[in-house]
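In case you want the letters, here they are:
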Amino acid sequence: MISLTSPVETRAHRWPAGLKLGALCVVSTVLFVAGGIAANGIALAAVLALYAAPGPAFLRAGLRSLRVVLPFVVLLLGWHGLTGDLRQGVLITLRMVTLVALANLVTMTTPLQDLVALIHRLTAPLRRLGLRTGALEIAIPLVVRFTPVLVQRAETLAEAWRARSRRRPGWHLVLPLTLQAMDDADHVGEALRARGGALAPWEQE
Amino acid sequence: MPQIHDAERAATADFAIRLDDLGYEVADRPVLSGVTLHSSARRIGVVGRNGSGKSTLARLLAGLLAPTGGRIRINGQDLYRDRRAALDTVGILFQNPEHQIIFPRVSEEIAFGLRHQGLDKAQAAVRVQAVLAAFDKPHWHDAPISALSQGQKHLVCMMAVLAMRPKLLILDEPYAGLDIPTRRQLARHLHRADTRLLHISHEPADLEACDELFWLDRGRIVARGGPSELLPAFTAEMIRLGDLDDLADLAG
Amino acid sequence: MPQIHDAERAATADFAIRLDDLGYEVADRPVLSGVTLHSSARRIGVVGRNGSGKSTLARLLAGLLAPTGGRIRINGQDLYRDRRAALDTVGILFQNPEHQIIFPRVSEEIAFGLRHQGLDKAQAAVRVQAVLAAFDKPHWHDAPISALSQGQKHLVCMMAVLAMRPKLLILDEPYAGLDIPTRRQLARHLHRADTRLLHISHEPADLEACDELFWLDRGRIVARGGPSELLPAFTAEMIRLGDLDDLADLAG
Amino acid sequence: MERNIAQVALFAAMIAALGLVPQITLGFGVPITAQTLGVMLAGAVLGARRGAAAAGLFLLLVALGLPLLAGGRGGLGVFASPTAGFALGFPVAAFATGLFVEHVRLRSAGLAAGLGAVFGGIVVLYVMGAGGLALVSGKSLAEAFRLVAVFVPGDLLKAAITGMLVQALARARPQTLAWHRPAAGVRTRL
Ligand SMILES: Nc1ncnc2c1ncn2[C@@H]1O[C@H](COP(=O)(O)OP(=O)(O)OP(=O)(O)O)[C@@H](O)[C@H]1O
Ligand SMILES: Nc1ncnc2c1ncn2[C@@H]1O[C@H](COP(=O)(O)OP(=O)(O)OP(=O)(O)O)[C@@H](O)[C@H]1O
Ligand SMILES: O=C(O)CCCC[C@@H]1SC[C@@H]2NC(=O)N[C@@H]21
Ligand SMILES: [Mg+2]
Ligand SMILES: [Mg+2]
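As you go down the protein sequences, you meet chains A, B, C and D in turn.
Heads up, the first sequence stops at 205 in UniProt numbering, and the numbers go up one at a time, no gaps.
Heads up, the second sequence stops at 252 in UniProt numbering, and the numbers go up one at a time, no gaps.
Heads up, the third sequence stops at 252 in UniProt numbering, and the numbers go up one at a time, no gaps.
Heads up, the fourth sequence stops at 190 in UniProt numbering, and the numbers go up one at a time, no gaps.
These aren't lab readings, by the way, just hints derived from the structure by calculation.
Do not rely on the hints blindly, as some may be mistaken.
Claimed, not checked - Quick look at which bits of chain A chain C covers, simulated, 3 or more residues with Cβ under 8 Å:
{"id": "1", "segment": "44 to 58"}
{"id": "2", "segment": "161 to 173"}
To be verified - Derived CB-CB ranges, DEER-like:
{"id": "3", "chain 1": "D", "residue 1": "140", "chain 2": "A", "residue 2": "9", "range": "49 to 59 Å"}
{"id": "4", "chain 1": "D", "residue 1": "160", "chain 2": "A", "residue 2": "82", "range": "23 to 33 Å"}
{"id": "5", "chain 1": "C", "residue 1": "139", "chain 2": "D", "residue 2": "160", "range": "42 to 52 Å"}
{"id": "6", "chain 1": "B", "residue 1": "116", "chain 2": "A", "residue 2": "23", "range": "46 to 56 Å"}
{"id": "7", "chain 1": "A", "residue 1": "155", "chain 2": "D", "residue 2": "181", "range": "34 to 44 Å"}
Claimed, not checked - Chain B side only, calculated, beta carbon under 7 Å to chain A, not exhaustive:
{"id": "8", "residue": "92"}
{"id": "9", "residue": "102"}
{"id": "10", "residue": "104"}
{"id": "11", "residue": "159"}
Predicted model only: the values in this text are computed from it and were never measured.
C-beta: ideal position from N, C-alpha, C; glycine also.
All chains, please: the whole structure from these sequences, using the hints.
Below, the structure is given as structure tokens:
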């Protein structure tokens, strides 16, 4: 979900990452604490307008990435329909879709490096206390990198499975997936080391 | 339409690959387009530059991807739909061995496909031993694959596919990782063996033993012919391209 | 012991690789043993069969693994200990591009090492553009690496290492994935460039431009020499081995 | 060092990826989620410190606004919701799981991991989770405990999966379990 990349360069790409994340934080907090159905509906419409602004290619990519929440929407509405609290269901669903869309938007338009630079600024006080934060600045982009890799790994494994079996792989893939993920971590660890991983260059600035 | 069906069957009485106006797109970008390829040659070669669509073609042929346009028939069958037929018909060696390996140990990896072809445990074990022995690697039986070198991993993948004895073997850059002795032994073995081959490479020298070749360029077939005509033309063009532009200076 | 220190420095005034009785074991199994190699040749080649220990040697040289015996000095430095020195001294191209790639986009992947060398964001961006332009791939800047073909991924890894302009470039089978035009351009570029090379391959033809070659067999150096002596001997031996045994019959 | 960072990041990502498994939200606002499996695994495979770091890193990204919690939730709002106690409990649970496997030496690595997951991923996590639920929803602590009891069967299953995976891991790659001392053999250090 967070491997999102934008097909086109938008104006938002050049906005400061801190601003975008700050706005995301504020909006999500406000919607959580205070938003009703109306407020959430307006917020969703506003987010969709933001998606449409850079043009149809961007809108299509954005909507495609939103498809992952569709099962949740069905599930949430179904559950709350059954328990007779549809209003609550609509509210929760709206809020979820809005926040996912907004967070995706930030991710799509924010290069990972900007995010890391932001973390660096946010953790400046820690460094003044003498703590080393270099590892954190590397770990965050790595999580962002690993999440889609895990999903892709699962797809690659499933393809390897289908090439030699007519049955569906299902849970059989869990162990190989875990082992491969551990191997991936080793390789990434080595690749990091080869290019200066633990040195935390940003502390020189 | 039974007539068409009959005609089709007649045309494929001999083993044949038939691609008609095949197209494949990812995210609205065409990776392959208008690929029409009919062949019943025993060893078919596909040559082309990096990114020309060779691996994508291999996965389409093996029935692992669904074409976004046109159609594919191997021996008259749609292998994307009919996975049961696919298992006995094609075996594919992936370009990157790590994309193919599922299990932690060599014997498990080789036995996997065999079990799914319907062999029981004992039969599969016998076949695994036989393949390992044929490649002079019986001591690999319990070896953890992660502890093998890249070329050795490649060989394990090759053994796993060969053990299944498919009618058509799709090899995606099989020689890139293997050393000369292994390559030569394998080439002789493939030559003798009773399988049809579809051999993919960006290296013309690898494809000299093919009966019919296809040159893929930016997702289209741009030439077809025997190795003696097509390979020299391909090589000449590659050398021309390679000499054309120097890399701009990196010092800047 | 300052005398030794001085002697050492004198010996490495010119750039030199010095391996003394180097050994590397995994789980009590020797992968490399008694490797002694002194060279200050500009282009060093290492040739050997699959599993002979070439990639392990490359990773030891780059300071990514600690030797379990003996010692390694590159330009007088211990790169396993001194990672800061390592960054400017060696760059390594991994055999499998997927083991090297850290980031999702091409530009991030190339910029990463540069930032760690101390370039600021703007400088790194300029250098990324320059490398992409040099390889005629400016349109790859924002491309997601997962959507590239294997050969294209290999090229991205190569660009990422070259961009860092290390004094010594360790290339582990760099040509295995690249097509002929790219290979030729790259070879010319490397020839002109101001870096020392350590080129690893199982393919003798790749190593013809080297100044000094080492033949690795089962973890030991078995021969050393110029390309004109060593490569024919290596090739002959490989062909001999390849013709020696046929694969036992797989039909059984 | 780099390998530690990579593994911590990997497990944080694994917790995130498990959020893609469809979840079921119960009436009082707390979902049944596969993410606790990731938390248990992080502690059981990486040990206390690195396991807690993985779960903590995951939480930090959630706080930054990335929609990584099951159902695509994220942002600071999470910490004001009925699940806040559980979410904040993730690193603690991973730490407790790791502490268990590191200090309670059993012959079978899988059994140690399974029991550790019960201790960290159920006992410890539920204390924090029920506490948070009581605070946020104004219920009594006893009632909160009664409510979260419905998760026990599912979480026992996850602990069992953790045990099985770790057992298999100990067989296939013993060196990846830092706390595990196989009977013989030298561990490699990278
Ligand atoms: N998932 C994807 N998304 C977008 N583009 C893709 C994807 N997979 C492949 N492509 C594109 O399709 C083209 C063909 O890829 P393919 O892997 O088939 O090439 P190839 O001929 O096998 O190259 P190589 O010799 O490097 O292995 C490439 O340009 C690649 O960028
Ligand atoms: N982690 C490991 N555990 C055990 N053995 C290992 C491990 N890594 C490598 N080896 C063994 O060390 C030997 C050398 O491996 P290496 O990858 O260096 O070979 P190589 O010369 O690069 O081969 P190739 O040409 O296939 O790439 C192999 O026999 C391999 O089985
Ligand atoms: O998603 C969140 O905000 C936190 C998840 C809380 C779910 C708790 S964790 C323990 C228990 N087991 C489950 O499956 N769900 C709850
Ligand atoms: Mg390919
Ligand atoms: Mg190697």
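Quick rundown of the hints versus the structure:
Evaluation of the coverage hint for the segment 44 to 58 of chain A: breached, as 0 residues show C-beta separations to chain C shorter than 8 Å, against a requirement of three. Residues of the segment 161 to 173 of chain A lying with their CB closer than 8 Å to a CB of chain C number 0, which falls below the three-residue condition for coverage. For the pair residue 140 (chain D) and residue 9 (chain A), the supplied restraint of 49 to 59 Å holds, since their beta-carbon distance comes to about 55 Å. At roughly 30 Å, the beta carbons of residue 160 (chain D) and residue 82 (chain A) sit within the given window of 23 to 33 Å.
Checking the proposed 42 to 52 Å range against residue 139 (chain C) and residue 160 (chain D) shows it holds: the Cβ atoms sit about 50 Å from each other. The beta-carbon spacing between residue 116 (chain B) and residue 23 (chain A), approximately 52 Å, falls within the hinted interval of 46 to 56 Å. Here the CB-CB span from residue 155 (chain A) to residue 181 (chain D) is close to 36 Å, well matched to the stated 34 to 44 Å. Taking 7 Å as the C-beta cut-off, the interface hint given for residue 92 (chain B) holds, the closest approach to chain A being about 5 Å.
Hint on residue 102 (chain B) holds. Least Cβ distance to chain A is approximately 5 Å, under the 7 Å limit. Against a cut-off of 7 Å between C-beta atoms, the interface hint on residue 104 (chain B) holds, since the closest Cβ of chain A lies about 6 Å away. Checking residue 159 (chain B) against chain A by beta carbon gives a least distance of about 13 Å; that is not within 7 Å, so the hint is violated.
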